[in-house]
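Let the sequences and hints guide you as you build the complete structure.
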Amino acid sequence: MSGLTLLIPVALVLGLSGLSAFLWALSRGQYEDLDGAALRILIDEEDEL
Amino acid sequence: MSQGAASEHVEFVLPGVKCAGCIAKIETGLRPIPGVRSARVNFTSKRVSIDHSSEVTAEALRRAIGELGFDAQSVSTVAPSGDRAESRALLRALAVAGFGAMNVMLLSVSVWAGAAGATRDLFHWLSALIAMPTVAYAGQPFFKSAWAALRRGRTNMDVPISIGVTLATALSLFETIVGGPHAYFDGAVSLLFFLLVGRYLDCAMRDRARDSVTALMRETAPGATILLPGGGTAWKRAAELEPGMRMLVAAGERFAADGVVEEGGSTVDCSLVTGETLPEALSAGGTAIAGTLNLSHPLTVRVTAAGDRTSLAEIMRMMEAAGQSRSLYVRIADRAARLYAPAVHTLALLSFTGWMIAGAGWHQSLLVAVAVLIITCPCALGLAVPVAQVVAAGALMKRGILIKDGSALERLAEADCVRLDKTGTITRGRLQSIGSLSLTVDEKRVALALARASIHPLSRALAAHLEGEHVATAPVEDLREYPGLGIDGRLRGARVALGRPSWLGAEAGDGATLQVAFLAEGDAPKLLRFADEIRVDARDAIQRLGAMGLDPAILSGDRREVVMPVAEALGTPALAELMPADKVDTIALLQAAARRVLMVGDGLNDGPALAAGHVSMAPASATDVGQSAADAIFLGDKLMPVAIAVAAARRTRKVVRQNFALAIGYNLLAVPLAIAGQVTPLIAAAAMSTSSLLVLANALRLRNCAR
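Chains as they are written, first to last, in the working numbering: chain A, 866 to 914; chain B, 336 to 1042.
By construction, these hints were calculated from the structure, which means they are not laboratory data. Among the clues, some could well be false.
[Unchecked claim] Listed below are several chain A residues computed to face chain B (Cβ distance under 10 angstroms; list not exhaustive):
id : residue
1  : Leu869
2  : Leu871
3  : Ile873
4  : Ala876
5  : Leu891
6  : Gly901
7  : Ala902
8  : Asp909
Since the model is a prediction, treat every value here as computed from it, not as a measurement. Don't be surprised by glycine CBs; every beta carbon is placed ideally from N, CA and C.
Okay, here's the thing in structure tokens:
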């Protein structure tokens, strides 16, 4: 039982941080072009964006 | 468009973007252009969006992309934000539901594994703590829609969902308070999760298509210069024009109203209205149509109809009227819900009364009724349609076919005859060089410099062709355009010219093709020939459509002698010289005979017919009106996408039916268990997930449906 008092809050905090990370990425438009994101890693970026 | 240094935004469709190299090439190629603030390619929707200042025009940007070797098709500037609000909200709800489902399931597994007493109660309380805010937030899309339907005295799929989820949550809370053994929090939350997946996919598909649809009437003229009765001129907005006014229309301007030419003679580009690419001659006494482009000479036009009385506005009204029948179409999921929702509610009510009569007590009876509601909740049913349609739409998108929404796919599958426009649909709607140009590399560079200086369709076609060959321009000076004749200039002192063959002393050939002569001083003039050619695979596509039982035929507004050779080459029947209203009538006649017409067209003149058809498609090169009236848009230079889209839609319909069968079969198995009171939360969760996964897996078979 004592293990649960630690583990359950940890699980919830981890889950919530994942959720907020997703919502943040969503609001930043990172899900607008998924196919393009896969390709952009191949582009050699010479100048700063 | 606003003037000054205001930031402007423009988007182009780029059918040719295929790899990372293309993205890099376009983005790095556009950024150095003065006035361009940012350029970003969206590979998924095959578009580039450019923020720029008024220093550079959209047309110049389109040309710049052309020089990079890509064909940019313009789409109007849709508001960049706001239109995705619905799918964003659904995705947020989906994320919350996913979080809730995972954590509640984690706790539930422990309960199923045998947690008892205080631990079980603690876990139930924790589940309640997670599930209730989750249901309150993530359930909103369903609650809202159910409430809207109930208020209008109707029912839809969301009514049983809302009742099921709310009842299950409330009852589970009660169970938790009294320390009962069964709580259905996991069922309620994972139900929401699965349903939101379906809902989100459906919405995302509509969004993606909306991106490629353009706003209406972008190309109309904002106003005209009016000759005042007492002499002098004044600029008036299109809405302020009245019949009887005389407007001055310069070369390169669009007519702001319908009218009769009083003075002058010119050529007019009517492609917006008729879809015809070849310019038409217009002289005194001729009729000018609002929206068409005056190409070569200034004209004085007496206005006969303005504002919402122009033939352009008339066409828009016809489209609205024709499109109304389509809004009555009921989608397959809603048809299913009409039968399903009452059945589910009756069943739950019957189980409740049955157990009450059997003397089980209201608590036990309610538990059974809720189990029935959860089990029958159209989880797989809610996924069955959208998942299949989204997978199909994704496959079609890879082939350059954009489907506007799920209902378009359903109607496409039902089509049993197809009617095609000629210009721009069977033909490419663009002037193409016949064979390769008989010019040397140096001459091509000169020709490009000359062609760029004019907006005449032939010059544009030549420029586009040369840009496609990656020709650089030569430093031609003293460029001068002679309206109706051509352009000339000087290259290192020698005269070079591009224009009408007779003007440059060349001998014109037959009249079927359009010709332009190129002259470099000292050499004999060279003839360049252009025509609006039939799409390369038109014959194959028509044959395939015929083999699919779609009975293809041509409906064209063009002249009979132009249409008939095309019809013969393709082996299809054809009707020529049809006015927009005639096309609508032809389609109405077919529909009255219980045929479901797929209309394929591009021009403004096809707009009403596209709206009248059971379902419609337009090429991406279509006019704005054509694109917005159509249910699906195909990119590229081929006609085969029409046949592919129908084939894919039929495959989708098949899979959707299989999915319905799977979902109903699962209900037939699970419902008796629920009524018998044998369904524990564990069984409910397992049954629900299995049926959803089955439906998903079946839908994924559509990944290669676009063949």
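> Okay, which hints does this one fail, numbers in order?
Replying inline: Per hint list: single violation, 2.
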